[in-house]
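Here the working numbering is used: position 185 in the sequence shown is 296, and no number is missing along the way.
Quick caveat, the hints were computed from the structure, so don't treat them as lab data. From the three backbone atoms N, C-alpha and C, an ideal C-beta is built for every residue, glycine too. Treat the hints loosely; a few may be bogus.
Unchecked claim - 25 Å max Cα-Cα, derived SDA-like pairs, lysine to any residue:
(1) K220 - N209
(2) K204 - K215
(3) K220 - A260
(4) K200 - K221
(5) K134 - S161
(6) K215 - N176
(7) K211 - A169
(8) K204 - S161
(9) K220 - F261
(10) K220 - R240
(11) K204 - R238
(12) K218 - D196
(13) K221 - S201
(14) K215 - I190
Said to hold, decoys possible - Here are the computed distance ranges between Cβ atoms for each label pair:
(15) K218 - N137: 49 to 57 Å
(16) E183 - A275: 20 to 28 Å
(17) G258 - P174: 33 to 41 Å
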Amino acid sequence: MCSSGDLHLPLITDTLSSKAVEKRLNYLWKSAQHYIFAKSYVIANQFTDSMIRVARDAKAVLPSNVLTSICECCNAFLIPSLTCDVCVKSISKTSNYNEKRYRKLQKEKKLLALVAGNRNEKKTVTRLRNVLCVTCHRCRYVRIEDGAAFPSLKSKIKAKISQAAGTSQLRSGPSQKDDPHRFPEEIKLKKRTASRQTDLPRKLLDNPRRKKKKKLTANEAAAKSELDAFLKTVHPSFGT
């Protein structure tokens, strides 16, 4: 809620010079920030009060981030957990705050339609599901700010359609019948992996394969036959 740095004010139409007013407001704002962080809340509130009075006399418009940091009732400097309490409250679609906000936005929408004609885009007015309540410690004034809105039905329908389209695209991959020359390598790889997956369970059930005997050449076969004939002629002797 608090913003640091210089204030960037618009042009001020008054007898006083705009530069002098801007310097005065910047000095008051920085002084209020200094004393609020030094935990001198009374002095900080005096600086913010004088800043509001100077801006009102000079007809100057303060930035929105500065206005949200100042209480609307007593002009106190609002810092969460130091000078104010912030809480989120849930509300229904038919609450008084939602009804008032809806009427206000509808009036603004009609005025914009009259000014811009048919050039303006159709924007739906959403209702809020919660609000932000800021309670000032000095005067106990409660300021209500807009919170999160209910998701519109159109956004829900669009999300469902996009999700359904994404799932259908994932399920239906590139088929060879539709476009055989599109992804030939991917189709071949898929066929190979499918055949391998079908072969795996059969290998586990069958017995392990026996190793095939090597075929002997002619020279090796002749040498082996000669060795067998020689061994048959030899008789073992056990030390007679």
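Status of each hint after checking the structure:
Between K220 and N209 the CA atoms are separated by roughly 16 Å; this keeps the pair inside 25 Å, and the hint holds. Distance check on the hinted pair: K204 and K215 sit about 15 Å apart at the alpha-carbon level, within 25 Å; holds. A threshold of 25 Å between alpha carbons decides the hint, and for K220 with A260 the separation of about 18 Å falls inside it, so the pair holds. At most 25 Å may separate the alpha-carbon atoms for a hinted pair to count; K200 and K221 exceed this at roughly 30 Å.
A hinted pair counts as satisfied when its Cα atoms are at most 25 Å apart, and K134 with S161 qualifies at roughly 14 Å. A threshold of 25 Å between alpha carbons decides the hint, and for K215 with N176 the separation of about 22 Å falls inside it, so the pair holds. For the proposed pair K211 and A169, the alpha carbon gap of about 32 Å is over 25 Å, so the pair is violated. Restraint check for K204 and S161: the C-alpha separation of about 40 Å exceeds 25 Å, so the hint is violated.
For the proposed pair K220 and F261, the alpha carbon gap of about 19 Å is at most 25 Å, so the pair holds. Using a Cα cut-off of 25 Å, the hinted pair K220 and R240 holds, with the two alpha carbons roughly 21 Å apart. Proposed proximity of K204 and R238 is supported: the alpha carbons are some 6 Å apart, at most 25 Å. Only pairs whose Cα atoms come within 25 Å are accepted, and K218 paired with D196 is rejected, the gap being roughly 32 Å.
Distance restraint check for K221 and S201: the Cα-Cα separation of roughly 29 Å exceeds the 25 Å cut-off, and the hinted pair is therefore not satisfied. A threshold of 25 Å between alpha carbons decides the hint, and for K215 with I190 the separation of about 29 Å lies outside it, so the pair is violated. The hint said 49 to 57 Å for the Cβ distance between K218 and N137, and at roughly 36 Å that hint is violated. Roughly 48 Å separates the CB atoms of E183 and A275, a value that falls outside the hinted 20 to 28 Å.
One distance hint, 33 to 41 Å for the beta-carbon pair G258 and P174, is violated here, with the actual separation near 22 Å.
Of the numbered hints stated above, those contradicted by the structure are hints 4, 7, 8, 12, 13, 14, 15, 16, 17, listed in ascending order.
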